[in-house]
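Chains A and B are the protein sequences, given in the same order. When we follow the numbering used here, the leftmost residue of the first sequence carries the number 1, and every step to the right adds one. When we follow the numbering used here, the leftmost residue of the second sequence carries the number 1, and every step to the right adds one.
Some hints could be false.
Said to hold, decoys possible - DEER-style ranges, computed between Cβ atoms:
id : chain 1 : residue 1 : chain 2 : residue 2 : range
1  : B       : Gly432    : A       : Asp70     : 19 to 29 Å
2  : A       : Ser26     : B       : Ile339    : 42 to 52 Å
3  : B       : Trp156    : A       : Ala16     : 24 to 34 Å
4  : B       : His351    : A       : Lys106    : 25 to 35 Å
5  : B       : His351    : A       : Gly40     : 39 to 49 Å
6  : A       : Lys106    : B       : Arg254    : 51 to 61 Å
Said to hold, decoys possible - Every beta carbon over 10 Å from chain B, so not counted as near; a handful from chain A, in silico:
id : residue
7  : Thr4
8  : Asn21
9  : Ser26
10 : Asp53
11 : Ser56
12 : Glu77
13 : Ser95
14 : Gln117
15 : Gln125
What the hints assert, rightly or not - Residues of chain B placed beyond 10 Å of chain A at every Cβ, according to the derived structure:
id : residue
16 : Leu47
17 : Arg146
18 : Trp153
19 : Leu393
20 : Met397
Please keep in mind that the hints were generated in silico from the structure rather than gathered at the bench. Computed from a prediction, not measured in an experiment: that's the story for all the values here. Using N, Cα and C, we set each Cβ at its ideal position, and we do this for glycine too.
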Amino acid sequence: MSTTQLRLSAAQLQLAGQQVNLPELSLGCGEILAVIGPSGCGKSSWLRWLLGDQQSHMQVNGRIELSGTDISTWPIEQRGIGIVWQDFLLVPHLSVQENLRLALPKALRSQSRQAQQQVIFERLQQVELGDLAQQPVTALSGGQRARIALLRALINEPRLVLLDEPFAALDSQLRQRIRQWTFATLAQTATSAIIVSHDSADFPAGCSQLHWPQGANYD
Amino acid sequence: MTSKLPWRGAVALVLLTAPWLLLLSYGIEQLTQQTQFLSPWLNYPGLAEMIEQTVVVGITVMLVATIVVLSSQPLRSSSGWLVQVIALPHLAFAIGLLWLFAPYGWLWRLVPEAWHSSVFDRQQLLSFIIILLAKEIPFLWLMGQRTLAQMPWRRWLLVGQSLGYSRQRSWWLLVMPELLRRMRLPLMIVLVYSLSVVDVALIAAAQTPPPLAVQVLQWQLDAQPASQQFAAYGALTLLLLAVVAALAVFLQERLIRAVVLPHLGNFALRVPWQALVSVIGLAAAFAIAAQSIAVGWFYPELWPTSWSVERWQQELSQLLPLFVQSAGIAAVVASASLIWVVLLLEWRRRHGVFGLSGWLLLPLLVPQLTLLLAWQELFAAFTSGGLPWRYALALIMVQIPFSAAYVYLILAPLEQRFEQRYLTTMQSFGYGFWRSWWLTKRSLLQQPLLLAWVFAALVSMAQYLPIVLFGGGRWLTLTSELVAVSSGANSQLIAIYAVSQWLLALLFLLVLAWPQQAVEGEQQ
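Next up, chain B with everything else stripped away, as it sits in the complex (with noise of 0.2 Å):
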């Protein structure tokens, strides 16, 4: 940092997180004294703990990941790197980082022993939340990038410079309100993703007890009628709390445009972003590697007694049959997820029909499991026969809707900016409206694209929720076996399936190595 954040700034940091947890502990408290008939319930051992665990890991994830975001560089810089960074599968990293950093971790080995500390370990609450910031942040950078793009920004720094403030104050006083005011979507996603987040959480969070998704989900594969109606119970509190959520971004952003933002002055933080997460991210990748060959890897050795790759070779019959099939759910997802995006545009477009965000990034903006556990029930008379193909079906469709709100989120600000007349004029050179599409808007918007069904691909490779919950044991990919194999103690299959995991990513951001045809100059 260049310069200190001023005090009265400060100040108001603190008070932006204090009520909402004095808030919550007091509701909490009530709740259980007064409700009688969810008594049983609300009498679940550590039920209050795993609320509160919840509500501080989304509160700080969204807190901090606001004002590194918002007051870091990568934000008015170019995106490339920042799509690779996304792109890293989030498991996988979040193995690669806790095997590094925590106690008895490879970099752990290279610190003094008077300066071990378990600040970072495994399963503990702060190891959650930097795992979590380190995933969400570079999305947040890139969706600030995109929103940044729709503003003219540098000229509203122009007229703040000629009125005698200096470019970084002009940033905050004309520019961030009304980049905080676009955010509110992209930061709403970051706190309900924390909130009902279940695989980084198996890795990285306190299990006892875990935080609320967790326990919903444990409830709900519990084959008891009781516990899959705490299940329930679970699932409409996450609703409650992403409901919560929405009100504390928008409190966030009042309280940051009134207090912090007039204060702020020349501060701004000079991080090396760019090379901070490109080194972890790399180290990361790195480490698992490393894992997945070593032989004999005691503590406290910096290295193994021997390498080798057999266990790769042992593991190869398991491995190759759930990459092509995580690969191929991901392809389908991703293909289905872009036509039914592009579709709903289109149609958007002829009708003059709005709201649509709305519905599409609602399975954004609600849980992930609570959505989940009511299309089980809509989906378990299709799937009740048993029938290989209906699993896979059903596992297809629930996927659909998480991976679609990413393909809007990336597509649809540069198709609204498209210049449909081009569709026209081909179309009155007698092509018809798809042949036209195809012919011109597909070619001119070809990387927004494919960056879209990469992103749909990498988002379903990651699912893990659907593939626990509408899989019925028959569909597995890489992901639910890494979370499987995580609960175990063999690191280095651990770190097989995470290099696979990431193998993969990797296959699919080679597709965006397809040449670029488009001159965004020439759009409208």
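Extracted from the complex, chain A is given alone in its bound form (with noise of 0.2 Å):
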């Protein structure tokens, strides 16, 4: 499609006494991969490592490219990569509005609070949710909060999306309506994205897909 966006060596992970060997992968600009493999095998810790945030509970070795710089040892604050959780983590005392400017990118954060109010209304109506702007995030139904999650990891403008069981937590129906609305968000905004599940029917015809490695003890 375009440009290496995301390179990653070949890393290994160890997960309760077993290792588990990575292939090497890489991600265009505004392409999406796809991971598969069942509950608890070491994908979500696998996606956390690749964000900076490392379990005690699994080694990871490998080396991340971002953009051609390896920012294999960066702190999460410099990586440029969002995430969106299976349980969307939405600030809960605070509104839409608040939960978005919260994620507003640097260069916006020193302006006014008038111009960050444009910025986010104008991003909550290209999605049609500019009515929720006030809301309080516990008033948003499943659905409303699947969008503002992701809406919000992508207002930071981030080189790469990790989505980590996104739409595990909605139900069968709402949960078609959210993944073609995320894919069409992802493709309009040219970000490139990993999604993580353990349901083939999550990924967009297409993409990219990495079935996790087997011979590793699961259990």
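Since each chain sits alone in its own frame, please combine them into the complex, following the hints.
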């Protein structure tokens, strides 16, 4: 599609005494990589390692290159990688607008409150959620939370977004709609993404797929 | 009570205490006969009585507090009022209580002369025990509530009921064994505190001879080398008693689980605790407030000859600096304790370190006097120049472990449940770790953080021994002055200092009125 955005050297995972070897991976700008594997095999921990949050129960070794720069040892806040969790983790005592304001890119944080609100409102309008700006996030439905969580990750303009089972908390009807909306939004913003799921129906057609290596005892 | 305690349960309760007391009396007798090198100390007049008194107080407080706390309703109700009860400065409360109920006290004057009794008298074992119970039971309720909050006990009760047991019986059989296990630490803290408390003992306990901790302090403050040696032996004995206390808690737990719980049936203490505790607390506060402005309040008059704030005006020049100094020391100690515990908790998260609780709670599990005497040796060189700021620094540093322990007790269970991915998410937006902490964790845990700070400040404000041993006479607080004036006979002056201490505690409580932001339901 375009220039390589993410390159992962062969990574090794040590989890509960088992070793998992991952193949070398690369991802172009705006491309989506789907990772599928059973629950508990270490996919989410691997995702958190990519984010820069090494889990104490799992050792991961490998090299991460983003836009040609080795970021393997960088702290989370410098990597430019966003994440959407399965349970969304919107800050519960804040409104939709305040949640999004927290995620504004650094350049916008020094601007006036009015300018920030303008950006937030425009982004909400683009995804037809403008009327939710003042709502407390606790008042949102599951589907609305899912969309605000993705919007919050994207408003930060990350170079890569990690989606950790982002549709697992939704019922089947809603799941299909939010899935379509998510991939359309990612395509619209040309954001590269890695999506992890144990359900292959969650992946967009034609995306690269990584089947989590077999051979490890996942129990 | 709605039902009587079955007789087998009552017998078991008696059995719980008897072996300890018998063993102890026998042990002290044997020790005094056989250990020659300690003979000057072991032959000190009244030593055995001091130790016996100390142990009787500790075991009685632990046992009664356990029974009352675990069998009463406040354990399963809201904790808002409890925080305010615990916030009562215990010295001021003790003084108020004695002024109300002790012989020649205010309420005592209302009782017909034929019914007069000196069971609850100043400087008497029973009064000391009752005052300690009044202080420790609300603390145990609060700790019990926090422990229960981490257990799915309502579901356990449903399981019990679905098996055909009553709700109360399910409580004893399914919830209580686990609750008892998890309450070991708070019970040990209560027991060790009761064994080694000095300030309340100086006001309420018998002084001929006094409890061991009081005598150890007196030995330490005596400049004679022999006395200081005695103080060291006494401090080690207190430490030994704390070890025995840990065993006593284990033994009590095993006996209650094996012998008492199966026979409790539908027994429950249905006492209106909230009303009772609130009324007694308010009455004690009102009593000392009245006494602080009373002139010529002689027995058996129900009211003084006149009211006047003149004594307050005279004392104001002394009180104000003390008030500010006490508030300042408490605020610094509370802030430092809170920061220290937050740093340690985050460090534990990052490095997956276990065993932090043991170290942080150690100051509550070791008699305070024993620790402070050891630290006094460490700080001797630091404070030897006599510079006031060095005393202040030492004073603050030695208080931090005690306040930090309470901060940890309050904060750690909630921090452990906190969803740390909030921070990770904020970091992914480009914020540094501590900025992310401030934006999410601080605001989501605002109420427990404030509560921990207030507790730390109240603990610091109530400290007596650190002021006496590390203040070098240069740094005094309302608490140290309250104990000092309590040894005199001027009851109005005592009341003025007690009310001032109460006012300072109220001032700290106002911090809790800060607007609440956290939505706990959203935490993991």
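Do the hints match the structure? See the list:
1. Gly432/B / Asp70/A: 19 to 29 Å: Distance hint for Gly432/B, Asp70/A holds at roughly 21 Å.
2. Ser26/A / Ile339/B: 42 to 52 Å: Taking Cβ atoms as reference, Ser26/A and Ile339/B lie about 45 Å apart, which means the hint holds.
3. Trp156/B / Ala16/A: 24 to 34 Å: holds, 31 Å
4. His351/B / Lys106/A: 25 to 35 Å: holds, 29 Å
5. His351/B / Gly40/A: 39 to 49 Å: violated, 24 Å
6. Lys106/A / Arg254/B: 51 to 61 Å: holds, 60 Å
7. Thr4: holds, 22 Å
8. Asn21: holds, 25 Å
9. Ser26: holds, 22 Å
10. Asp53: Per Cβ check, Asp53/A is inside 10 Å of chain B; nearest 5 Å; violated.
11. Ser56: Ser56/A not clear of chain B: closest Cβ-Cβ about 4 Å, inside 10 Å.
12. Glu77: Contrary to the label, Glu77/A does not stay out of reach of chain B, its closest Cβ about 5 Å off (not over 10 Å).
13. Ser95: holds, 12 Å
14. Gln117: Holds: least Cβ distance 17 Å, greater than 10 Å.
15. Gln125: Gln125/A is indeed farther than 10 Å from all Cβ atoms of chain B, at 21 Å.
16. Leu47: For Leu47/B, whose nearest Cβ neighbour in chain A is about 52 Å away, the distance exceeds 10 Å, so it holds.
17. Arg146: holds, 22 Å
18. Trp153: Its Cβ never comes within 10 Å of chain A, the nearest being 25 Å, so this holds.
19. Leu393: holds, 35 Å
20. Met397: holds, 32 Å
Hint compliance for this structure: hints 5, 10, 11, 12 are broken, all remaining hints hold.
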